Amino acid sequence: MVGPAMNLSGLVILVADPSSYMSMLIHSMLRGFGNSKVLEVRHSSAVLETLTTQKIDILITDARIPPRGGLLLTRAIRRKEDNENRTVPILVMTSDLRESTVKLARDAGANMVIAKPMSPASLYDRLAWIAFNPRQFIDTTNYFGPDRRFKIEGYPGGVGRRKGDKAVEIGAEAGPALAQNDIDSLFTAARVGQDS
Amino acid sequence: MTKQTEPDARAFFVDTRFQRLARRSGGITREQAINQAQAGIEEARGGFEAWVDTELKELVDLVKSAGTDRAAPDWLDAANFRSRQLRDVGTTMGFELLSFVADSLCDLLDSIAAGAECNMDSVVCHVDALVLSRQERYRDMQPDQVPDLTKGLRRVVRHVST
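If you're matching them up, the sequences are chains A and B in order.
Going by the working numbering, the residue at position 165 of the first sequence is 173; the numbering climbs one at a time, nothing skipped.
Going by the working numbering, the residue at position 31 of the second sequence is 44; the numbering climbs one at a time, nothing skipped.
Don't read these hints as lab results, they were simulated from the structure.
These numbers come from a predicted model, not from an experiment.
Hints are all accurate, no fakes.
Heads up, simulated DMTMM-like pairs for lysine to aspartate or glutamate below, C-alpha to C-alpha not over 25 Å straight-line:
no. : chain 1 : residue 1 : chain 2 : residue 2
1   : A       : LYS111    : B       : ASP120
2   : A       : LYS45     : B       : GLU55
3   : A       : LYS45     : B       : ASP28
4   : A       : LYS88     : B       : ASP21
5   : A       : LYS111    : B       : ASP21
6   : A       : LYS45     : B       : GLU56
7   : A       : LYS45     : B       : GLU44
8   : B       : LYS164    : A       : ASP104
9   : B       : LYS70     : B       : ASP123
10  : A       : LYS111    : B       : ASP123
11  : B       : LYS70     : B       : GLU149
12  : A       : LYS88     : B       : ASP28
13  : B       : LYS77     : B       : ASP120
14  : A       : LYS63     : B       : ASP28
The whole structure should be built from the sequences, with the hints applied where relevant.
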């Protein structure tokens, strides 16, 4: 993935991971990317508290942040109508790479999922993707978050589709774990190039 | 924020502060950013082995106490947390074999948490493999260099999970 230079200086990044060592490593990576304002929390309740007291530019959360996990946390942030940070970009880190889990993260309103363990290149590319590929936000009775319509269509149960979308053939379920490229494709807007 | 109205969904653009600022000029290239991040990780490497040793000791103690009177009530959660840490950090720090074994242990503990039989022999065998993979002779190895070990662990996990 090659793109324009990304400028993270001055941005406030909230890292939510139960592991202090993992947080330290992420912090090191972000510092290498030119960012110096990283906040760290270990619980999802601390995320919600931080969001009410500080302006956060992006949230990077572990999918298993205690007590209830990063997906419920994402959903809570997106659903709360009076939340000033409702549209904050959210990057979910997970080692559970089953397609069903990635879809759950996407359907909770995550902007992107990154596979753990992760490398600096992997983290940089996901952040750059969020920065340079903005998607519309969708607000329905059941969902609030980045547009979930994709280039790859045909997921069982019509996930990511809305009334008015053209019918597509239903594709077969994929294998038990996805590679990062497969995860990325689940977050690629259907109308890239037309939405921006 | 530009808004469009649709019959059953409201679609609108949000240009977040993250996106606006990240696109500013004056950023650093991908290559430079990754090199700098890698250098930061290298700096952290100094304390990594001591950290691994502490985590392994905690894990060994947790597993030893499991099934005894002094077992922590949440030993499974605690063991799972420590093995996840080892797995996630291990690969980033270049301890591939350690990370592989920790991943296998995570699968095993997840299965037990989901209701599979708590077979302590299988847990102990994973912890022993973790301790082994930390040793100097093994720590720089890739999982495919010790196929008997990796296949054996996978077989144990499959046996417990089914």
